[in-house]
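Residue numbers (our numbering), protein chains in the order written: chain A, 1 to 659; chain B, 660 to 781.
Because the hints were derived from the structure by calculation, they are not lab data.
Each residue gets a CB set at the ideal place from its N, CA and C atoms; glycine is no exception.
Heads up, a few of these hints could be off.
[Stated by the list, open to error] Chain A side only, calculated, beta carbon under 10 Å to chain B, not exhaustive:
hint, residue
1, Ser154
2, Leu171
3, Val222
4, Phe225
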Amino acid sequence: MRIDVTRFRTAFFEEAVEHLATIERGLIELERSGGDAELMNEIFRSVHSIKGASGSFGLNDIAEFTHGFESVLDRLRQGQMRPDRALTTLLLRAADILSGLVRAAQGGGAPPAGVGEVRTELESLLSGSGGAKGPVPVREDGGHRKEGSRFRISFRPGRDLFRSGMDPLLLLRDLENLGTISDVELDRSELPALALLDAEACYLAWQLTLVTDQTESAVREVFTFVEDACRLEIVALPDQAGPVDLPAQVERRTPAAESSIRVATEKVDELINLVGELVIAQAMVSEIIDGFSLKRLGDLRAAIAAMARNTQELQARVLSVRMLPVAMVFNRFPRLVRDLAEHCGRVVRLEVLGEDTELDKGVIEKLGDPILHLVRNAIDHGIEAPEERLARGKPAEGRLRLAAYHEGGNVVIEVTDDGRGLDPQKIRAKALERGLVKPDETLTDDQLHALIMAPGFSTATAVTDVSGRGVGLDVVRQNVESLNGSVGIESRSGEGSTMRIRLPLTLAIVDGLALRVGGQTFIVPLLAIRESFRPRPADLKSVFGQGEIVLVRGEPLPLVRLHRQFGIGEAVTDPASGLVLVLSSEGTSVGILVDELLGQSQFVVKSLEQQYRRVDGVMGATILGDGRVALILDAPELARLALLREPERDALCVSGERA
Amino acid sequence: MTRTALVIDDSASMRQMVTFTLSEAGFTTLEGADGQQGLSALGRAGKVDLIITDLNMPVMDGITFIRQARQLPICKFTPILMLTTESQEARKLEGKAAGATGWLVKPFDPEKLLQVIGKVVR
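For reference, chain A alone in the conformation it holds in the complex (with noise of 0.2 Å):
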């Protein structure tokens, strides 16, 4: 049989990534530390990994490589070499030349620069003191052929053969596949009675003659594996010719798919499970049904709980098959953090927190360039240059954290520096020069710390010295918005900043309470609901100004009409005679006027923005039970909405007001 092996280089590509990334937060580890035997093996892990990999996948120039990488990193690790600031920049350069060569395997490029250069490098490392093994070799020669030889052959096997799970006939099998055997003698001299017998043990031994075209090595070769634990003897006969057939196989194989996610075997198994009670909780209806009765309606619907139990779990385990842990996000940036830091010379110390808190692929796929912008920033604007930071009376080495971690229905990234933080009063001069806001409006400090996220509105220039790279923070909060997340600010002049990525679990479903207004139907995010109830007339407030407010045990909060934000007629107008549905997220509530709610339940999101087009104060379009569309409203962007001031709401109003 032959198998294509370049068809496994897919995955091999996958893992040499995750592997690189291990290699490189190890080595930077290293340096930081001086590290233990368990990181040290774990780096040697990686690279041996990829070096055994990429040499069954014939991907050669990689293996080479990986050769000498892997001898340094094994004196290493037996305390031969000790990974001074020389070394571990060597090993970072030998790990980006690694992970070039597995680039230019991958995309068909050029092999990096400097590859024979680094691996002098290694090499001469090596030398003088026992020399790597030379490269690897890739595949194996089959043995050398020789005309029709005869060989008398003696074996007699240890008794304990059977316990190390390997069985005398397929040896002899082994033998005739190698040629014709003849004269076999079974020698059973060493079998005891029956009664002393150990049935385990192994008491035959054969002697036999094997005529065939290989050599006495390919011969002795069959008993490779049992060597060490049998009498072997191999005496060479006079010659005579004796043909070989060697069936040989032809199969091709198309290249496996491009994208794809490594899935945890006991996510599959957990899977498989399910789908096996869903099976049988739908044999039950079947059978339920088959022969109905009135008498059996209940057992029909415990029948129907059991398998939208099923059903709702099995939901739930195939989005989890989606989600990634952000370690693939943050594995990046030791290094990164390393680099910038020497570029900018600052002294910056990372700590990563949560790195196993899982996110959607989709979503973590385009966290990247958001996070590195944050850190990039820390790191060029925040955080101060060593004698600075020590003449304000902080240690020289700067902090910055990455953080990942569950807050509600939502992941929270977190970048936080000590550095110099944000100066208001700069942000606000900004602001002023590009009319961003009106000389005379008065801002809180968070107020004017949002500011830097608007669009442009450039930090570049503005709050510290250093230059910009002409991409503004606004493209951070865009790209987190677009997955439906949004970015806060937190920051203190002279301590330091925290920028918070806030992110939804999963983009694919929500779990949602349907109101009514009108004839239409919303969809409300569970996560975001307060409370409801029904207001009494003194509980409204309408504020000159600021619209309408609704009091919530004596706190007032903004109310927004839905009939009004969306134009929707026939609906309740008075809100005593209607519910107020209390919305919290991000610090802010709103209460919204609806006419009744229906229920609960799990709500698939549907763009809205790819059929239509971006509407305020609503995530998504869904499809009810009955086939019709209802919106998905946005709980912090309805917030926000009624925030703003009465005018610039009422221009948002998809329609015109009925009262």
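Chain A is already provided as a structure; the job is to place chain B on it using the hints.
Structure of chain B alone, referenced to chain A:
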């Protein structure tokens, strides 16, 4: 009756190559990314006809796995092949002592793999 093989390697691409080759040869395959997962796969599957394990793995290495698997009644006589590299001669002996049936030297290709499997499985 189809035969079942357990493949243990922390490298997914190597597992993919080995399991693909095995399935072409008519095996049903189980997988594990380390020795620990290998043992739990054995626990779930019961008896298997062949085990192929890498040696250098996180969590539980191949040698420990082989030693522990050999203690299980269902694995007493099961052929166990270990995947090694040339530089691991000592590990090979260690593996044999732990109860491995044979070995396969990395790098290898599917043909070589099938050839070695033929040495230990009917």
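Check your understanding: Looking at the structure, which of the earlier hints fail to hold?
Key -> 1
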